[in-house]
Structure formats: C-alpha cells, structure tokens
Amino acid sequence: MLSHVPALAELAKTWKFLELWVDPVLFPPKILMLLCNQDGTCCIFNPTSDYKLVVAHPNYQAAQEWLLEDEYERVKGQFLAEEVM
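Numbering-wise (this note's numbering), the sequence shown opens with residue 103 and increments by one.
For the record, the hints were derived by calculation from the structure and aren't laboratory data. A few of these clues could be false.
SDA-like, lysine to any residue: derived pairs with alpha carbons at most 20 angstroms apart [to be verified]: (1) Lys-115 <-> Tyr-153; (2) Lys-118 <-> Tyr-153; (3) Lys-154 <-> Asp-172; (4) Lys-132 <-> Leu-170; (5) Lys-118 <-> Asn-139; (6) Lys-115 <-> Ala-158; (7) Lys-118 <-> Glu-167; (8) Lys-115 <-> Asp-141; (9) Lys-118 <-> Met-135; (10) Lys-118 <-> Val-157; (11) Lys-154 <-> Asn-139; (12) Lys-118 <-> Leu-155; (13) Lys-154 <-> Trp-117; (14) Lys-132 <-> Leu-122; (15) Lys-132 <-> Val-157; (16) Lys-132 <-> Pro-149; (17) Lys-118 <-> Gln-140; (18) Lys-178 <-> Pro-131; (19) Lys-132 <-> Val-156; (20) Lys-118 <-> Pro-160; (21) Lys-118 <-> Gly-179; (22) Lys-118 <-> Val-177; (23) Lys-178 <-> Lys-115; (24) Lys-154 <-> Gln-166; (25) Lys-132 <-> Glu-173; (26) Lys-132 <-> Cys-145; (27) Lys-115 <-> Cys-145; (28) Lys-115 <-> His-159; (29) Lys-115 <-> Pro-160; (30) Lys-178 <-> Asn-148.
Pairwise CB distance ranges, derived in the manner of DEER restraints [unchecked claim]: (31) Pro-160 <-> Phe-129: 26 to 36 angstroms; (32) Pro-130 <-> Lys-178: 16 to 26 angstroms; (33) Asp-125 <-> Ala-158: 16 to 26 angstroms; (34) Leu-128 <-> Val-157: 13 to 23 angstroms; (35) Glu-173 <-> Lys-115: 27 to 37 angstroms; (36) Pro-130 <-> Arg-176: 16 to 26 angstroms; (37) Arg-176 <-> Asn-139: 11 to 21 angstroms; (38) Asp-125 <-> Tyr-162: 31 to 41 angstroms; (39) Asn-161 <-> Phe-129: 30 to 40 angstroms; (40) Val-124 <-> Asp-152: 11 to 21 angstroms.
Idealized CB from N, CA, C, for every residue including glycine.
Whenever a hint applies, use it, and build me the whole structure from the sequences.
Pasting the structure below:
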C-alpha cells in the first residue's frame with residue numbers, strides 16, 4: 103500500500119501553519135487539514151483517506167473561501183510550525 107507520508111514529510115520542512123476544518127452537518131463530522139507553506143501556497147488534505155491531497159490553492163484566502171463555500175468551519179486555533187519544531 104502506498105503512503106503519502108514521504109510527501110507530507112517534505113511539506114513538513116516548508117510549512118508555516120496547519121488548521122483543522124470540520125463539516126459539522128455530517129455525522130460523524132468530516133475533517134480536513136489546511137496546511138499553508140512559507141511561500142503562501144496552501145494545500146487541503148483528507149486525514150481519513152491516508153492524507154490524500156484534496157485541492158491546492160495559491161494563497162490562504164482562496165483555500166479558506168473554498169472551505170467556507172462547502173460549509174466547513176475552522177476548529178479554533180492554528181498549529182504553528184515554529185511552535186512544533
């Protein structure tokens with residue numbers, strides 16, 4: 103079985119922050135991870151599907167708008183790379 107862990111390990115070297123977003127309408131709730139890089143680009147991953155890349159955006163605002171359009175809500179807070187590493 104192929105894993106996305108090596109790709110995520112590479113992203114871990116350049117990420118700035120990570121947010122969790124949830125679709126509260128579904129039960130159990132669907133969760134997505136928004137990872138934004140130092141260069142401003144943002145990727146959305148599905149942690150329940152082996153961290154499969156769902157979509158990439160050129161900036162945080164575009165990624166946030168995509169999530170809000172699908173009625174996801176941000177879980178309060180951010181995980182900052184500087185605090186984790």
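### Query
Going through the earlier hints one by one, which of them does the structure break, listed in rising order?
23 and 38
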